[in-house]
Amino acid sequence: MVDQADVARVFREEYGRAVAVLVRLLGDIDLAEEAVQEAFEAAVRRWPDSGLPPSPAGWIVTTARNRAIDRHRRESTRDDRQAEASRLHVPDEPLEEGAVRDDRLRLIFTCCHPSLGTSAQVALTLRLLGGLTTAEIARLFLVPEPTVAQRLVRAKNKIRKARIPYRVPQDADLPDRLHAVLAVLYLIFTEGHTATSGGALVRSDLCAEAIRLARQLAELMPDEPEALGLLALMLLVESRSAARTAPDGSLVPLAEQDRSRWDDDLAEQGRDLVRCCLRRDRPGPYQVQAAIQAVHSETPTDWRQVVALYDHLLALTPTPMVALNRAIAVGEVDGPGAALVLVDGLRTALGDHHLFHATRAELLRRLGRADEAATAYADAADRTRNAVERDFLDRRRGEL
Amino acid sequence: MSHYLLSVVTPTDGTPPAAEELDTIMKNVDTLHREMRDAGAWVFSGGLDGPDTATVVRPRGDELLLTDGPFIEAREYVGGISIIDVPDLDAALEWGRRSARAIGLPIEVRPFHWA
Numbered sequence: 269m270v271d272q273a274d275v276a277r278v279f280r281e282e283y284g285r286a287v288a289v290l291v292r293l294l295g296d297i298d299l300a301e302e303a304v305q306e307a308f309e310a311a312v313r314r315w316p317d318s319g320l321p322p323s324p325a326g327w328i329v330t331t332a333r334n335r336a337i338d339r340h341r342r343e344s345t346r347d348d349r350q351a352e353a354s355r356l357h358v359p360d361e362p363l364e365e366g367a368v369r370d371d372r373l374r375l376i377f378t379c380c381h382p383s384l385g386t387s388a389q390v391a392l393t394l395r396l397l398g399g400l401t402t403a404e405i406a407r408l409f410l411v412p413e414p415t416v417a418q419r420l421v422r423a424k425n426k427i428r429k430a431r432i433p434y435r436v437p438q439d440a441d442l443p444d445r446l447h448a449v450l451a452v453l454y455l456i457f458t459e460g461h462t463a464t465s466g467g468a469l470v471r472s473d474l475c476a477e478a479i480r481l482a483r484q485l486a487e488l489m490p491d492e493p494e495a496l497g498l499l500a501l502m503l504l505v506e507s508r509s510a511a512r513t514a515p516d517g518s519l520v521p522l523a524e525q526d527r528s529r530w531d532d533d534l535a536e537q538g539r540d541l542v543r544c545c546l547r548r549d550r551p552g553p554y555q556v557q558a559a560i561q562a563v564h565s566e567t568p569t570d571w572r573q574v575v576a577l578y579d580h581l582l583a584l585t586p587t588p589m590v591a592l593n594r595a596i597a598v599g600e601v602d603g604p605g606a607a608l609v610l611v612d613g614l615r616t617a618l619g620d621h622h623l624f625h626a627t628r629a630e631l632l633r634r635l636g637r638a639d640e641a642a643t644a645y646a647d648a649a650d651r652t653r654n655a656v657e658r659d660f661l662d663r664r665r666g667e668l
Numbered sequence: 100m101s102h103y104l105l106s107v108v109t110p111t112d113g114t115p116p117a118a119e120e121l122d123t124i125m126k127n128v129d130t131l132h133r134e135m136r137d138a139g140a141w142v143f144s145g146g147l148d149g150p151d152t153a154t155v156v157r158p159r160g161d162e163l164l165l166t167d168g169p170f171i172e173a174r175e176y177v178g179g180i181s182i183i184d185v186p187d188l189d190a191a192l193e194w195g196r197r198s199a200r201a202i203g204l205p206i207e208v209r210p211f212h213w214a
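Residue numbers (the numbering used here), protein chains in the order written: chain A, 269 to 668; chain B, 100 to 214.
Okay, chain A solo, but in the shape it has when bound (with noise of 0.2 Å):
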């Protein structure tokens, strides 16, 4: 028996790919969206009588094939060459094996091309790959829906009228092309791992939808360490998710939270994936970072060996922010005096963000001083929009 759940399941499975298909047969995004919206509007009528087809996502693409070809041939009184003419620029490839596949990296290049603006490359993401609907990321995202529906229209009218290729990127622009892609998967979990405002910390859709995305991606780029790397990281932070709020919905820190409510299937399936990028051996930052939330995941830490993958990350990725988690590392192996030297030194860099206050709260605290842990607190509260990490940071301070 099939029924709307069945329909629905499918969609979220099968839309990005049938909207990748579409978008080459058709060489319009609106028209291909258009057009798998109706062969699920279809599949929604006849799959509860029909059963499930063999093949869903086969049936999909051809049904929405055949509408958009219907379609054309309504509208065929158009002026075809000004139709033409406006089309998205599909650089002629012959099908071949493994086609579908490369459709999917196509959209997914698209999606994320560096001139495209972060959010209008986040939005188009989940609309197009994850299947998404402009409300529903709007309400992830808490902004207003006629926000997200310009996004996207911008963004889409920005890929027709300048021409942004419907292609995988050539190999020698390829590394970076593809940071674009995982900086975009990874902004998307990261916003759901810590919302940057609201009132939950952590918004699981979110991160749900992340990790769908990053399977596929790692899926279709198997050979790129740094795809497996984000997904290993992606796995190895959720598996923890659980644990990381109380009942209450407050934060529990990861020295004290309850080990037995981590998540050992996501965990291993996390450390599998770094296992396989240290065979590799082509380090890059997201596999380093995943390899830290490794060691974290593992009982008890091994503190030299995160001090030793920190020095690593910050030889990759020199930032503020890899050299203050390097520091908190540096707390557990030679105590809070020396990180509390190396953090002070972050100020210009850091003196704005919540966590650089957060950090020296804690050590100062760590310290026995208590008038400074205070005030350090309070500095962090004062900067962060997160109103379960406020909470948790006057608690804090007030159980100095």
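Be aware that a few hints might be false.
Using 20 Å as the maximum straight-line C-alpha spacing, the simulated EDC-like pairs for lysine to aspartate or glutamate come out as follows [unchecked claim]: (1) A:Lys429 / B:Asp184; (2) A:Lys426 / A:Asp298; (3) A:Lys429 / B:Asp187; (4) A:Lys429 / B:Glu207; (5) A:Lys424 / B:Asp189; (6) A:Lys424 / A:Glu413; (7) B:Lys126 / B:Asp137; (8) A:Lys429 / A:Asp298; (9) A:Lys429 / B:Asp189; (10) A:Lys424 / A:Asp298.
One side only, chain A facing chain B, incomplete, derived with CB under 8 Å [unchecked claim]: (11) Ser383; (12) Lys429; (13) Ala430; (14) Arg431; (15) Ile432; (16) Pro433.
Calculated directly from the structure, the hints in this document are not laboratory data. All C-beta atoms in this analysis are idealised placements derived from N, C-alpha and C, irrespective of residue type, glycine included.
Got chain A; can you put chain B on it based on the hints?
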């Protein structure tokens, strides 16, 4: 093929480069235009004088009003342009990158249509 306008985003209050530096830039630009020609991408290039040399003709009802100075005062103006003919935005951006490197100023890349 598609046409794109590459414009040189020039700061209005910037100090103009010293003679020696300007010489290098002009050489770079010559090389760049030659490369564009060799690649079959070059259509047209030119430089613009500063906004203080501009006059605006503005319709006011049936009359036309002449005003001194630029259309809008801005911190930046278009100091030079090239029109290129390339397959897609990626190709246009590659010429944009090369132009930015040659001139040392930001380059805006925008689709262009012949009237």
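Hint check results:
Annotation: proposed proximity of Lys429 of chain A to Asp184 of chain B holds, straight-line Cα distance about 15 Å (limit 20 Å). Using a Cα cut-off of 20 Å, the hinted pair Lys426 of chain A and Asp298 of chain A holds, with the two alpha carbons roughly 13 Å apart. Straight-line distance between C-alpha atoms of Lys429 of chain A and Asp187 of chain B comes to about 10 Å, which keeps the hinted pair within the 20 Å bound. Between Lys429 of chain A and Glu207 of chain B the CA atoms are separated by roughly 15 Å; this keeps the pair inside 20 Å, and the hint holds.
Simply put, Lys424 of chain A and Asp189 of chain B have alpha-carbon atoms about 16 Å apart, close enough for the 20 Å limit, and the pair holds. A threshold of 20 Å between alpha carbons decides the hint, and for Lys424 of chain A with Glu413 of chain A the separation of about 17 Å falls inside it, so the pair holds. Between Lys126 of chain B and Asp137 of chain B the alpha-carbon distance is near 17 Å, which keeps this suggested pair within the 20 Å criterion. Restraint check for Lys429 of chain A and Asp298 of chain A: satisfied, since their Cα atoms lie roughly 13 Å apart, inside the 20 Å limit.
For the hint pairing Lys429 of chain A with Asp189 of chain B, the CA-to-CA distance comes to about 13 Å; that is within 20 Å, so the pair holds. Among the hinted pairs, Lys424 of chain A with Asp298 of chain A is consistent with the structure: their alpha-carbon atoms are about 8 Å apart, no more than 20 Å. A cut of 8 Å between beta carbons decides the hint on Ser383 of chain A: the least distance to chain B is about 6 Å, and the hint holds. Because the closest C-beta pair between Lys429 of chain A and chain B is about 5 Å apart, less than 8 Å, the hint holds.
Residue-level restraint check for Ala430 of chain A holds (minimum Cβ-Cβ distance to chain B is 5 Å; threshold 8 Å). Annotation: Arg431 of chain A was flagged as interfacial toward chain B, and the flag holds, the nearest CB pair being 5 Å apart, inside 8 Å. With a least beta-carbon distance of about 5 Å to chain B, the hint placing Ile432 of chain A at the interface is held under the 8 Å criterion. With 8 Å as the threshold, the beta carbon of Pro433 of chain A comes within range of chain B, its nearest partner Cβ sitting at about 4 Å, so the hint holds.
The structure shown violates none of the earlier numbered hints.
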